[in-house]
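A.B. asks: Single-letter residue listing:
Protein chains: 2
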Amino acid sequence: MAINGATPMVDFSHHLNRKSKARHPSPLKDIIKYMGVEGMISLAGGLPHPMTFPLQQATFDCLPPSASISSEGPGEGPENALSITLGRGASSPGNLDLTQFLQYGTGTGNKHLLSQCRALTEKVHSPPGQYDCLLHPGNTNAWAKVVGMLCEDDDFVLVEEYTYPSAQALWIPLGIRAVPVPADMEGIRASDLRSLLANWDEKGRGARRPRVIYLVGVGSNPTGITISRERRKEVYDVCVEFDIIIVEDDPYYFLQYPSYNHPTSTSTDTTSFTALGADSFLKTLIPSFLSLDTQSRVIRLESFSKTLFPGLRVGYFIAHPVFIERLLRATEVETQDPAGLSQAFVLGLLNKWGVDGYLEWLQRLQNEYRVRRDWIVDAFHKEFLVVPAEDSPVPDAQGLIACLKTSRDGEQGLRPVFSFVDPGAGMFVWCKFYFGQVSRFAELQNQSTSPTKSEDTDPEQIFATELWKAWAGELVLLTPGSYYHPWQGKDKVTTRARGADAGTAHFRFSFATPTVCCLLSIFFPPFFCYVGG
Amino acid sequence: MAINGATPMVDFSHHLNRKSKARHPSPLKDIIKYMGVEGMISLAGGLPHPMTFPLQQATFDCLPPSASISSEGPGEGPENALSITLGRGASSPGNLDLTQFLQYGTGTGNKHLLSQCRALTEKVHSPPGQYDCLLHPGNTNAWAKVVGMLCEDDDFVLVEEYTYPSAQALWIPLGIRAVPVPADMEGIRASDLRSLLANWDEKGRGARRPRVIYLVGVGSNPTGITISRERRKEVYDVCVEFDIIIVEDDPYYFLQYPSYNHPTSTSTDTTSFTALGADSFLKTLIPSFLSLDTQSRVIRLESFSKTLFPGLRVGYFIAHPVFIERLLRATEVETQDPAGLSQAFVLGLLNKWGVDGYLEWLQRLQNEYRVRRDWIVDAFHKEFLVVPAEDSPVPDAQGLIACLKTSRDGEQGLRPVFSFVDPGAGMFVWCKFYFGQVSRFAELQNQSTSPTKSEDTDPEQIFATELWKAWAGELVLLTPGSYYHPWQGKDKVTTRARGADAGTAHFRFSFATPTVCCLLSIFFPPFFCYVGG
Numbered sequence: 001m002a003i004n005g006a007t008p009m010v011d012f013s014h015h016l017n018r019k020s021k022a023r024h025p026s027p028l029k030d031i032i033k034y035m036g037v038e039g040m041i042s043l044a045g046g047l048p049h050p051m052t053f054p055l056q057q058a059t060f061d062c063l064p065p066s067a068s069i070s071s072e073g074p075g076e077g078p079e080n081a082l083s084i085t086l087g088r089g090a091s092s093p094g095n096l097d098l099t100q101f102l103q104y105g106t107g108t109g110n111k112h113l114l115s116q117c118r119a120l121t122e123k124v125h126s127p128p129g130q131y132d133c134l135l136h137p138g139n140t141n142a143w144a145k146v147v148g149m150l151c152e153d154d155d156f157v158l159v160e161e162y163t164y165p166s167a168q169a170l171w172i173p174l175g176i177r178a179v180p181v182p183a184d185m186e187g188i189r190a191s192d193l194r195s196l197l198a199n200w201d202e203k204g205r206g207a208r209r210p211r212v213i214y215l216v217g218v219g220s221n222p223t224g225i226t227i228s229r230e231r232r233k234e235v236y237d238v239c240v241e242f243d244i245i246i247v248e249d250d251p252y253y254f255l256q257y258p259s260y261n262h263p264t265s266t267s268t269d270t271t272s273f274t275a276l277g278a279d280s281f282l283k284t285l286i287p288s289f290l291s292l293d294t295q296s297r298v299i300r301l302e303s304f305s306k307t308l309f310p311g312l313r314v315g316y317f318i319a320h321p322v323f324i325e326r327l328l329r330a331t332e333v334e335t336q337d338p339a340g341l342s343q344a345f346v347l348g349l350l351n352k353w354g355v356d357g358y359l360e361w362l363q364r365l366q367n368e369y370r371v372r373r374d375w376i377v378d379a380f381h382k383e384f385l386v387v388p389a390e391d392s393p394v395p396d397a398q399g400l401i402a403c404l405k406t407s408r409d410g411e412q413g414l415r416p417v418f419s420f421v422d423p424g425a426g427m428f429v430w431c432k433f434y435f436g437q438v439s440r441f442a443e444l445q446n447q448s449t450s451p452t453k454s455e456d457t458d459p460e461q462i463f464a465t466e467l468w469k470a471w472a473g474e475l476v477l478l479t480p481g482s483y484y485h486p487w488q489g490k491d492k493v494t495t496r497a498r499g500a501d502a503g504t505a506h507f508r509f510s511f512a513t514p515t516v517c518c519l520l521s522i523f524f525p526p527f528f529c530y531v532g533g
Numbered sequence: 001m002a003i004n005g006a007t008p009m010v011d012f013s014h015h016l017n018r019k020s021k022a023r024h025p026s027p028l029k030d031i032i033k034y035m036g037v038e039g040m041i042s043l044a045g046g047l048p049h050p051m052t053f054p055l056q057q058a059t060f061d062c063l064p065p066s067a068s069i070s071s072e073g074p075g076e077g078p079e080n081a082l083s084i085t086l087g088r089g090a091s092s093p094g095n096l097d098l099t100q101f102l103q104y105g106t107g108t109g110n111k112h113l114l115s116q117c118r119a120l121t122e123k124v125h126s127p128p129g130q131y132d133c134l135l136h137p138g139n140t141n142a143w144a145k146v147v148g149m150l151c152e153d154d155d156f157v158l159v160e161e162y163t164y165p166s167a168q169a170l171w172i173p174l175g176i177r178a179v180p181v182p183a184d185m186e187g188i189r190a191s192d193l194r195s196l197l198a199n200w201d202e203k204g205r206g207a208r209r210p211r212v213i214y215l216v217g218v219g220s221n222p223t224g225i226t227i228s229r230e231r232r233k234e235v236y237d238v239c240v241e242f243d244i245i246i247v248e249d250d251p252y253y254f255l256q257y258p259s260y261n262h263p264t265s266t267s268t269d270t271t272s273f274t275a276l277g278a279d280s281f282l283k284t285l286i287p288s289f290l291s292l293d294t295q296s297r298v299i300r301l302e303s304f305s306k307t308l309f310p311g312l313r314v315g316y317f318i319a320h321p322v323f324i325e326r327l328l329r330a331t332e333v334e335t336q337d338p339a340g341l342s343q344a345f346v347l348g349l350l351n352k353w354g355v356d357g358y359l360e361w362l363q364r365l366q367n368e369y370r371v372r373r374d375w376i377v378d379a380f381h382k383e384f385l386v387v388p389a390e391d392s393p394v395p396d397a398q399g400l401i402a403c404l405k406t407s408r409d410g411e412q413g414l415r416p417v418f419s420f421v422d423p424g425a426g427m428f429v430w431c432k433f434y435f436g437q438v439s440r441f442a443e444l445q446n447q448s449t450s451p452t453k454s455e456d457t458d459p460e461q462i463f464a465t466e467l468w469k470a471w472a473g474e475l476v477l478l479t480p481g482s483y484y485h486p487w488q489g490k491d492k493v494t495t496r497a498r499g500a501d502a503g504t505a506h507f508r509f510s511f512a513t514p515t516v517c518c519l520l521s522i523f524f525p526p527f528f529c530y531v532g533g
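If you read the protein sequences in the order shown, they are chains A and B. Per UniProt numbering, residue 1 is the first one in the first sequence, and the count goes up by one each step. Per UniProt numbering, residue 1 is the first one in the second sequence, and the count goes up by one each step.
Rather than coming from a laboratory, the hints here were simulated on the basis of the structure. Bear in mind that the values here come from a model prediction, so they are computed numbers and not experimental data. You may find that some hints are simply not true.
Which copy is meant is left open, so a pair is good if it fits within one copy or across any two.
Here are the simulated SDA-like cross-link-like pairs (lysine to any residue), alpha carbons at most 20 Å apart as the crow flies [as the list claims (entries may be wrong)]:
(1) K19 - D153
(2) K33 - L477
(3) K19 - K490
(4) K21 - L174
If we strip away everything but chain A, and leave its shape as in the complex, we get:
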């Protein structure tokens, strides 16, 4: 925990919801105090005897941080591997006794692993406020615990204009609704956030002013947008003004890329990649909200899912001690410690690699996904004429527009197919498709405006679903944009009711998994069929 004497301590206890406040400290705490006493004979613990654990030794063969990721491939053997062995007893190789990871934990997670998490936090974010760390079993559960701590049923939660569906699937059954904050290419707009909060109509909304904002601030899922440095400061200031807790879910933080240049100016040969020193690398990254957080109002959810692997189900909270204490109480009764083998693996790896080694690994990872980002945007350029939004006939578009050349009555023109923002981070390109000139859409639109049809028809959604299914029939799968619409209640579901642009719908392209050949040769032909290009 870093305590900065210059920063006044802010009291956040009023942010705890009724249920979280009502959690009693575990009675076992009284006992744990005595368990540490030298020579104590404990007849108290309900722990199984460690000699009954059938696992005697675990060995993990890993890549070194300097490994060339893409050339290695998943099927390769453990040649040149770096081996982490954990045996039973203190004399175990590397002095990491496996037994501690096999037994029940106390809820906080392994203390050595927590130290590594704190070291990493200091190195990467140097939080200016007071904080502590607590392990959790992945960001999905971490977010569930934060909602369980801060939100009352029927609250509103502030989210980005498009938001991660699993985050809201959690709270929709609680009666919680989203308040989307309008965004531009630099992320959510602080001015809109401010006016939304300043003009909150508690009576009209039927709920108190929101107290929590959920942000994937780097390479947002689905939009790929990273909130800019300047915008972060503005948003933070609004959160201070209106006493908002910022939940920073940031799995793509280390996957930040230089801007895409066409034709690709950076190398796609990942084997010849040279890593920067740790400090130089960190300077290239946008500052996290945590690093700006003089008041400790940021709850940061750290994940290893994108940087090591998702099956670990280990991450950690970084937050004000008041929140960490309540999250620990929830951990004791809702999940207990993350799985021991996962903790052992992460600790073993961080010990072996060192924090600097981990930061080197992250650069190779970043470069690998940067190459993939380039592939997909290259493919857009190859198949379309990509022009800046301001040069296209689409009103209010941001970023770039992928157009088809048209020829009508002998006149050359541009027909916009979709707009997108160069994803400067993460794994996704978020594409807004324009259906205005598609005949099938016009047909659906005509049906929906006929007087026999009810108000809640949604020709945009119907056409988007047809398009999505047609592409899938041609063996190309995208994610429908509708998954990412914030849940504002049953009356705000259709394109019109949400206030979205008529004749448009979004699809999310992931460049994380597919290989280059499929992007270039397989995707586009069926794509053209259905947009009528």
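Fit chain B to the supplied structure of chain A, relying on the hints for placement.
C.D. replies: For chain B alone, kept in the frame of chain A given last:
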């Protein structure tokens, strides 16, 4: 899933609470359907690329099922170990591809591991009703999900007379209260359960009749009591009559022991132990509620924490498909799959050992804890005169009474110190101490009856705490019985308000961890000092 055509299907959907009913199926389900299509190019998944996972191979060195547990000890090397290796790619040794355990899962858990869980369920319980299985990250979380599915805030939940504190620590903040069901040596009394439900006063209680009973039916924590075969049938029938869902939390199921005989009639030499065949072993075990469950109203929480090791954080639900489906929805947004390395380890081990090997392992484990049960009860016999309850001067006592011989005015007598029930399963002896003849307790009692004292003093609790601290000062740690009092609300906390016997308090002795020497030589001297023996 076993479907027994003869059993009428019962509709349980009315048991789902408001929030659980409101969970939408994950929109990703639409996509998953298409992901399995041959040749599909997916730009949909938000999964990181498997080639970026730094773990190339995992090797687990384990004991064979025939290992002599106690002689092996935790510090031993992996000699004679059975090795489980998981590499990347389909050509991996043993054909278990590690990659699938490193990637995100779908929420259900690995399908091969689920098959093993189903095979084990059929072999051990042969459930007569319809059921399905779903992995969960340990029984703590499993119970949290069940409460999240079945209980409304401010409900009452039926529990044993003394109950596991972490189970109720979860729901106390929700406003849920316990209704303890009186018990005897055969477990909770069906007649009391029946009359409690038949006479439920919804107005007086301020809540609807309970719909859920939480049971640790074998070697209960803390009482060590196992619900008898006959009693199980009676309890099940009452649950059918009043439409109660039975949550069977059964971590000690395989730790069932033959009755203790004094002097110890069974061998304490665990190296010469000979295992029975799997079927013969299973016949020695009391039938689970699941095995009697013709209606599928049992939700069984299966744990590997006591049979393999707790750090795994893997177990599984066995329940009616209606419940499994809702639990899966909760899993998707609250936890995701259990940790991949844990799943890989359990699957690798069950594949290598086989179900029969696992059942052999369980017998050795059972024998090891049986020996420990014998140690502690031997120690009671060595230090006290242990007589059947009916031969002692304590009214209403059950089981055995540990007495001291007294000599007063030349007359020989017996002074009861504590009563206990021979734990036929699990890890605990639950001891009820009698303070009636202790002078310090008499002093506290006098203070509490003085007119200046308020109604809510609790001399029993005060003395029990003094005793507990004094023992701890002498380096012997027990668990205070107060941890296990069901939470019935703020007005039912004191010994008197709970209706417990005056001049008594419980302590829980665990025989799972300590070694024999400490039991015999260290525990009793300080013990005598403070009960004034």
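A.B. asks: Quick one: K19 to D153, C-alpha cut-off 20 Å, is that within a copy, between copies, both, or neither?
C.D. replies: So K19 and D153 pass the 20 Å test inside a copy (11 Å) and across (10 Å) alike.
A.B. asks: Go through the copies and call it for K21 and L174: within, between, both or neither, with a Cα cutoff of 20 Å.
C.D. replies: both (18 Å within a copy, 11 Å between copies)
A.B. asks: With identical chains, the pair K19 and K490 could be close in the same copy or across copies; at 20 Å between alpha carbons, which is it: within, between, both, or neither?
C.D. replies: Between. Shortest inter-copy distance 16 Å satisfies the 20 Å Cα cut-off; intra-copy 27 Å does not.
A.B. asks: Under a CA distance limit of 20 Å, which applies to K33 and L477: within one copy, between copies, both, or neither?
C.D. replies: This pair counts as between: shortest inter-copy Cα distance 11 Å, intra-copy 55 Å.
Violation of the numbered hints given earlier is absent; every hint is satisfied by the structure.
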